[in-house]
Every structure is written in structure tokens, then in C-alpha cells.
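> Quick note, the sequences are listed as chains A and B, same order.
Read in order, the letters of the first sequence correspond to residues 1 to 239 in our numbering.
Read in order, the letters of the second sequence correspond to residues 240 to 440 in our numbering.
Hints are computed from structural coordinates only; laboratory data are not their basis.
Quantities reported herein were computed from a predicted structural model and do not represent experimental measurements.
Note that the Cβ used here is the ideal one computed from N, Cα and C, for glycine as well.
Misleading hints may appear alongside valid ones.
[As the list claims (entries may be wrong)] Calculated cross-link-like contacts (lysine to any residue; reagent style SDA-like; alpha-carbon spacing at most 20 Å):
(1) A/Lys231 <-> A/Thr81
(2) B/Lys366 <-> A/Thr81
(3) B/Lys362 <-> A/Leu181
[Said to hold, decoys possible] Far from chain B by the CB rule (all over 10 Å, computed), these chain A residues:
(4) Tyr22
(5) Ala26
(6) Ile27
(7) Phe41
(8) Ser79
(9) Pro189
(10) Arg207
(11) Gly208
(12) Met235
[What the hints assert, rightly or not] Examples of chain A residues lying across from chain B (beta carbon under 10 Å, computed):
(13) Glu94
(14) Phe205
(15) Cys223
Each chain, letter by letter, is given below.
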Amino acid sequence: MSNVATMARRELGAYFLSPIAYLVNAIFLFTAGLAFGLGTFQPGAEASLRTLLEFWIVLILVFVLPMLTMRLMSEELRSGTIETLMTVPITDVEVVLGKFFGALVFYLILLATLLLYPIILAIFGPVDVSLLICNYLGLLLLGAFYIAIGLFFSTCTRHQVIAVLCSAGVLAFMTFAFQPLAQLVEGWPRVFLQQLSIQTHFHDFVRGMVDVNHLVFFLTMTCLFLFLSVKLLEMRRWG
Amino acid sequence: MGVETKPSRPVERRAAGRRVVFGTNVVVVTLIVIGIVVVLQLIAYSMPTRWDMTSSGVNSLSDGTENLLRDIDTNVTLTSLYFETDREDEDQPRYRRAVDDLLGLYEATNRTKVTSDWVNPLKDHEKFKKLLAGLRDKGAFKEEIEQYKERIDQYTDKSDGFDTQMRALVQGELDRVAALGGMMGADADQDGGAGSRARDR
């Protein structure tokens, strides 16, 4: 466990030393602020983050989080430091979990900056705190899943550009394409596509509903992609 | 002069064998894990457990509705007929969202039996026709439907260009409302404060 914490601290420190993290932070804050100002902060609109979270934040995260995760493993593979990492007394699971939690903590820092918006809304109207907690729970699960996918693609290749393109492509498809596709079919294919659609699961968190189905989806899918990352790393060790 | 060392054939064979064993192990374990994920998601899908986190309870259904939905044992599709035009009030999307949320709640209560569908009669013409035909031949509520049967037949028979006619009709009405709104706005501007003064009196 201490190995995971050490690894996570190292990753978090590496974020603050690299310019990419500051760039990602700037892009996230600028686009989220723009979406809040133009979409949510309007006269007569309800004092909730629903419009902002339902589409804009999800759209921003689809592109921002792969930029955060692209270097997690690819950088180690490209520079050859993965060999050193493999020789230290730390398991593959600890390496993957350490990197995952490092990125997750950075993501939580990004999310904390979003708290400014409910504070602004609270000046003009009552803000439902329990709904806000539900929104943040959804954002946490969504972010964890996105990071797990990004980490998986980062483990697949030594090229960061390929990692970011693959993760953003898969995330965009899973987030925005499955729901409209599900409307075109009926029966079990519809259920299958709806179940794979990230937006279907995240939508209920935004409206203030915690459903076991959505919790299980995000947790199991995150664990699945972390598991696949561990297996990929193991496969590299065995050549 | 360096000495070239070449691994002997048994060593090579052992390494290849190890890779095959390891590869098979990875594939089998991965398939098992994917299977576990699928099973867990299937169980969660059929569980209607959920918590409404809003302080207003907007995502909660009454006990009666919950029980009614949970007791449904045949497949039921709740179809919402909602017009969506290019020119509409800015509140319309909010109303549509409220209906969508409610249908989503019904669906979440009994996912395996209840599904919801969304039909825009101006756009999803085929779906609309199918829905009308289904409604006409429905076994339940036969007496209630009887009085509307002629109208339904009229719609199904004159289906050619129905969507165009409906679209023209709705757009025409919207244009009239918009024109009236504009005229009223212009009158108010011309009156200046007179209107409000009259209201005050």
C-alpha cells in the first residue's frame, strides 16, 4: 500500500513539474468558465450545474483527461525507465494503481476549481447541496473511468500522441455515439448499447439520482481497464 | 575477440513454452474477469435500487406508482409524443427534459419490462404511423378507442405527406404567434408608458 502511495506522490509531483499539466488546467478552466458563463449563468435559469455538467464538462473531459493520462506509461516506455521500474521491488499492480491514483488526485484538484460555480450560483439563488454532492460523485466516477481508459491506452504504446488519440476516440464514441445508436434499434441490442453508453449512466448523477446500476457500471469498468493495464504490463515483462 | 553465445535449443524451447503458458493464462484470466464484469452488470441492471439525492424529491415516485410499475410482468413501452420544431419557445426544451426525466424514472423502476420511447410526429413519421396502427388494433381500451377510430383511420390512410402538412400547419401557427407577439411588442413601444399607466389605473 505504501508503494502505491509513493508512486502516486511521484506521479502527482511529475504533473506539477511538466508544462502539460498547467496547459490542461488552463484549457479546462477556460472552457468550463466559458460554458458556465454562456450556458448556465443566464437570467431566469435554474440555479444548478445541470446544463454545464450534462454536456459541456463531459465534452471537455473527453479531450482533457487523455491529455493528462497519455504520458503515464508511454513516457516510461519511450525513455526506457520502465526497465528500472520493473527491477525495483514493486509489483505491476502497485505501478498501475500508483499511476492511476496520481492522475485521480490531479483530477480532483481540477474538480475542486469547479466549486467556484455553485458558490457564484448561491449568491443569486438557493443551491441544492445534496444534489451538488451527487453531481460530484458522478464526476468522480466518470473521471476515474476516463483515467483508467487513458492509462490502458498509455500502456499499449510508447507514442503519447497515439495514446491520446486512441483514448479520446474511444471515450468520445462511448460517451456520445452509443445513446443515439441505441435509439435506432430495439430489443436487446438497444439495452446493450444503452448499458455501454457513458452518458446514460452519468445523466442520472447530474439530475440527482444514485442508481446501483450506474455505480456498478463505473466501478466495474474502471477496475476492468486497470486490470487490462496490469496484464499488458505483465506481458511486456514476459516479452 | 568476443565469444558468441547462442542459447541451446532446449532453452529456446523452454522460453517459447513459458510464453505460450503465460499467454494462455493471460487470455483465460482476462476472459474470466470480463465474464465477472458482465454478470455483475447484469445483476445491477435488473436491480431497481436507487436513491433520490435532491432535497425537493423531484426524482421520487409515489409508492402507488412504484408498486404499479414493479408489478408489470409483460413488456411495456411508454411512448412520448412530443413536437419538436425549428422555431419554439425557449422553455420547450425544459418541458421536454422534464417529460424525459419522468419516463426515465418509470423505466429505472422496472428496467427489464418497461422501456420508454420518444416520437416526434413531425419527424419520425414511420414510428408515428406504426404507433397509430398499434393503438387502433389494441385489445385493451377498445371501447374508448372506438370513438377515435375514424380519425385514426383518416390519419393512417392519408399518410402521404402527412408530416409535411403537419409541419406546415405548426410552423404557420408559430409564425402567426410570433407575428402577433411582434405586433404587440411594437404597440407597446409606440404607447410608451401609456399602457402601464392604464394598467395602474
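> State for each hint whether it applies.
Cross-check of the supplied hints:
1. A/Lys231 <-> A/Thr81: holds (19 Å)
2. B/Lys366 <-> A/Thr81: Violated, at roughly 59 Å.
3. B/Lys362 <-> A/Leu181: holds (17 Å)
4. Tyr22: Since the minimum Cβ distance to chain B is about 34 Å, A/Tyr22 lies beyond 10 Å and the statement holds.
5. Ala26: About 31 Å separates A/Ala26 from the closest Cβ of chain B, which puts it past 10 Å; holds.
6. Ile27: It holds; A/Ile27 is separated from chain B by about 28 Å at its closest Cβ, greater than 10 Å.
7. Phe41: For A/Phe41, whose nearest Cβ neighbour in chain B is about 16 Å away, the distance exceeds 10 Å, so it holds.
8. Ser79: holds (26 Å)
9. Pro189: holds (13 Å)
10. Arg207: For A/Arg207, whose nearest Cβ neighbour in chain B is about 6 Å away, the distance does not exceed 10 Å, so it is violated.
11. Gly208: The claim breaks: A/Gly208 does not keep its Cβ more than 10 Å from every Cβ of chain B (closest is about 4 Å).
12. Met235: Violated, since 6 Å does not exceed 10 Å.
13. Glu94: violated (18 Å)
14. Phe205: holds (9 Å)
15. Cys223: Check passed: Cβ of A/Cys223 comes within 8 Å of chain B, closer than 10 Å.
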